[in-house]
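S.K.: Chains as they are written, first to last, in this note's numbering: chain A, 1 to 107; chain B, 1001 to 1115.
Check the hints yourself; a few may be wrong.
For lysine to any residue, the following SDA-like pairs were computed, each having C-alpha atoms within a straight-line distance of at most 25 angstroms [to be verified]:
| hint | chain 1 | residue 1 | chain 2 | residue 2 |
| --- | --- | --- | --- | --- |
| 1 | A | 26 | B | 1040 |
| 2 | B | 1062 | A | 99 |
| 3 | A | 26 | B | 1037 |
| 4 | A | 26 | B | 1038 |
| 5 | A | 56 | B | 1105 |
| 6 | A | 26 | B | 1058 |
| 7 | B | 1078 | A | 40 |
| 8 | A | 56 | B | 1102 |
| 9 | A | 26 | B | 1056 |
| 10 | B | 1044 | A | 41 |
| 11 | B | 1011 | A | 38 |
| 12 | B | 1044 | A | 102 |
| 13 | B | 1044 | A | 104 |
| 14 | B | 1044 | A | 51 |
Using C-beta positions, here's what the derived DEER-type ranges look like [stated by the list, open to error]:
| hint | chain 1 | residue 1 | chain 2 | residue 2 | range |
| --- | --- | --- | --- | --- | --- |
| 15 | B | 1012 | A | 68 | 45 to 55 angstroms |
| 16 | B | 1041 | A | 93 | 15 to 25 angstroms |
| 17 | B | 1050 | A | 12 | 37 to 47 angstroms |
| 18 | A | 75 | B | 1080 | 44 to 54 angstroms |
| 19 | B | 1020 | A | 56 | 38 to 48 angstroms |
| 20 | B | 1080 | A | 39 | 26 to 36 angstroms |
| 21 | A | 44 | B | 1050 | 17 to 27 angstroms |
| 22 | A | 64 | B | 1115 | 40 to 50 angstroms |
| 23 | B | 1068 | A | 20 | 34 to 44 angstroms |
| 24 | B | 1038 | A | 27 | 16 to 26 angstroms |
| 25 | B | 1064 | A | 75 | 37 to 47 angstroms |
| 26 | B | 1052 | A | 16 | 48 to 58 angstroms |
| 27 | B | 1052 | A | 60 | 34 to 44 angstroms |
If you're looking for bench data, these hints aren't it; they were derived computationally from the structure.
Cβ coordinates follow ideal geometry from the N, Cα and C atoms, glycine included.
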Amino acid sequence: SQQGEEDPQALSIQEGENATMNCSYKTSINNLQWYRQNSGRGLVHLILIRSNEREKHSGRLRVTLDTSKKSSSLLITASRAADTASYFCATVLDMRFGAGTRLTVKP
Amino acid sequence: EAGVAQSPRYKIIEKRQSVAFWCNPISGHATLYWYQQILGQGPKLLIQFQNNGVVDDSQLPKDRFSAERLKGVDSTLKIQPAKLEDSAVYLCASRTATALNTEAFFGQGTRLTVV
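So that you can see chain B by itself, here it is in the shape it has in the complex (with noise of 0.2 angstroms):
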């Protein structure tokens, strides 16, 4: 069974420019999630999507960060622009859909660097 999917592994860019990662989960997992780890800290939830509708979006700095899910599959996550605070490994994870003793499968996450 393939992964959880997520491009680029690495950017690098610089304040106030525009970003954006990308995330394929595993075929059939209806919930998909975005995380953003800062260095030393733990993963903080910033959307979550049930099929192409977002459940929940308390955390997403929606100032600068969007996030869609186009037909309920891939996903995108988008920074403009992005400040020196948005350096931190920007992570997907998917389950399926409804049921609660399912895991959730986590990609390995794309390192961004803003200089």
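One chain only, chain A, in its complex shape (with noise of 0.2 angstroms):
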């Protein structure tokens, strides 16, 4: 079964917008990670939280997580067409992911 959980399936925004995404997971968390996967490629790591932390900064990327929802969100700010991805979380322990969020950034 699939642990990772991100919703929304598919963002189409602006570039210079925001991007929101949001994570479920089942499992009693450890740490929590958001990776990044362009097309026909592999997927790379982008933010790693740890259980304890609420929120954590990278660039222009926020990470939130919520251990009483068994939540994360993934903020990228003032977006870039190269944002254009899909993106996935999931726990370190467990590295099982979900669908996915398709983000889509026009020019």
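Build the complex from these two chains, which are given one at a time in their own frames, with help from the hints.
M.R.: Written as structure tokens, this is what we have:
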């Protein structure tokens, strides 16, 4: 069974806008991570948030974690066309992904 | 640092044939994963190795899929016999052993087409 479940399934925005995607998980969390996948490529690690953290920033990325709701969100600010990709979450211990959020950033 | 290497990049076979994929993880990475990603879906974990031992193979269709990791380094994933629904990208990933604050590194994948 898949553990990370991302929402929405697809998101289309204009360049410069912010993009927010959500993730829910089922297991007891250890740490949670987000990955990006460009079409036809492998996944690339974006950011990891520890179970005792509530928010973390990395460049244009902001991740939040709510362990009581077993959910996380990824915010990409000032999006660029190059951010067009699929985004996945997974807990570090489980490493199981959902269907992902397909983000399209229009120039 | 060299990344995770996978081969071949592409493979086309007929149904009922056999196929094998190879993965060379990053040096020193004890944990290795194999995923199946069908077009339009997320990666599905097939098997996880810790060194040469299996940690989780609960989603591996064992009637036709097998995987091994001899000497705890390279790994092969085999399908025998292949079915049309096995058409997918097969991804390999690796990470350092027990640390829970490290990222996994993915290879570019092998795209399998079963006709």
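S.K.: The structure should be examined with respect to each hint, and the outcome stated for every one.
M.R.: Outcome of the hint check:
The suggested pairing of residue 26 (chain A) with residue 1040 (chain B) holds, with an alpha-carbon distance near 22 angstroms, which does not exceed 25 angstroms. Of the supplied pair hints, the one linking residue 1062 (chain B) and residue 99 (chain A) holds, its CA atoms being roughly 23 angstroms apart against a limit of 25 angstroms. Pair hint residue 26 (chain A) plus residue 1037 (chain B) holds up; C-alpha atoms about 21 angstroms apart against a cutoff of 25 angstroms. Using a Cα cut-off of 25 angstroms, the hinted pair residue 26 (chain A) and residue 1038 (chain B) holds, with the two alpha carbons roughly 23 angstroms apart.
Between residue 56 (chain A) and residue 1105 (chain B) the alpha-carbon distance is near 21 angstroms, which keeps this suggested pair within the 25 angstroms criterion. A hinted pair counts as satisfied when its Cα atoms are at most 25 angstroms apart, and residue 26 (chain A) with residue 1058 (chain B) qualifies at roughly 17 angstroms. This hinted pair checks out: residue 1078 (chain B) and residue 40 (chain A) have alpha carbons roughly 22 angstroms apart, not beyond 25 angstroms. A C-alpha spacing of about 15 angstroms is found between residue 56 (chain A) and residue 1102 (chain B), which places the hinted pair at or below 25 angstroms, so the restraint holds.
Note on residue 26 (chain A) and residue 1056 (chain B): the hinted pairing holds, with a Cα-Cα distance of about 17 angstroms set against a maximum of 25 angstroms. Under the criterion of a C-alpha separation no larger than 25 angstroms, the hint pairing residue 1044 (chain B) with residue 41 (chain A) is consistent with the structure, at around 15 angstroms. Between residue 1011 (chain B) and residue 38 (chain A), the direct Cα distance comes to roughly 21 angstroms. Compliance with the 25 angstroms bound is thereby established for this hinted pair. Taken as a hint, the residue 1044 (chain B) and residue 102 (chain A) pair is honoured in the structure, with Cα atoms around 17 angstroms apart against an allowance of 25 angstroms.
Restraint check for residue 1044 (chain B) and residue 104 (chain A): the C-alpha separation of about 23 angstroms stays at or below 25 angstroms, so the hint holds. Taken as a hint, the residue 1044 (chain B) and residue 51 (chain A) pair is honoured in the structure, with Cα atoms around 24 angstroms apart against an allowance of 25 angstroms. In this structure the hint that residue 1012 (chain B) and residue 68 (chain A) lie 45 to 55 angstroms apart at CB holds, the actual value being about 49 angstroms. In this structure the hint that residue 1041 (chain B) and residue 93 (chain A) lie 15 to 25 angstroms apart at CB holds, the actual value being about 22 angstroms.
A hinted range of 37 to 47 angstroms holds for the C-beta pair residue 1050 (chain B) and residue 12 (chain A), which are about 40 angstroms apart. Here the CB-CB span from residue 75 (chain A) to residue 1080 (chain B) is close to 45 angstroms, well matched to the stated 44 to 54 angstroms. Judged by the Cβ atoms, the range 38 to 48 angstroms given for residue 1020 (chain B) and residue 56 (chain A) holds: they are separated by roughly 40 angstroms. At roughly 30 angstroms, the beta carbons of residue 1080 (chain B) and residue 39 (chain A) sit within the given window of 26 to 36 angstroms.
Residue 44 (chain A) and residue 1050 (chain B) have their C-beta atoms about 23 angstroms apart, which keeps the hinted 17 to 27 angstroms range intact. Roughly 45 angstroms separates the CB atoms of residue 64 (chain A) and residue 1115 (chain B), a value that falls within the hinted 40 to 50 angstroms. The hinted window of 34 to 44 angstroms between residue 1068 (chain B) and residue 20 (chain A) holds, with their beta carbons roughly 42 angstroms apart. A beta carbon spacing of about 23 angstroms between residue 1038 (chain B) and residue 27 (chain A) agrees with the range 16 to 26 angstroms that was offered as a hint.
A beta carbon spacing of about 42 angstroms between residue 1064 (chain B) and residue 75 (chain A) agrees with the range 37 to 47 angstroms that was offered as a hint. Between residue 1052 (chain B) and residue 16 (chain A) the Cβ separation comes to about 49 angstroms, which falls inside the hinted range of 48 to 58 angstroms. About 40 angstroms separates the C-beta atoms of residue 1052 (chain B) and residue 60 (chain A), a value consistent with the hinted range of 34 to 44 angstroms.
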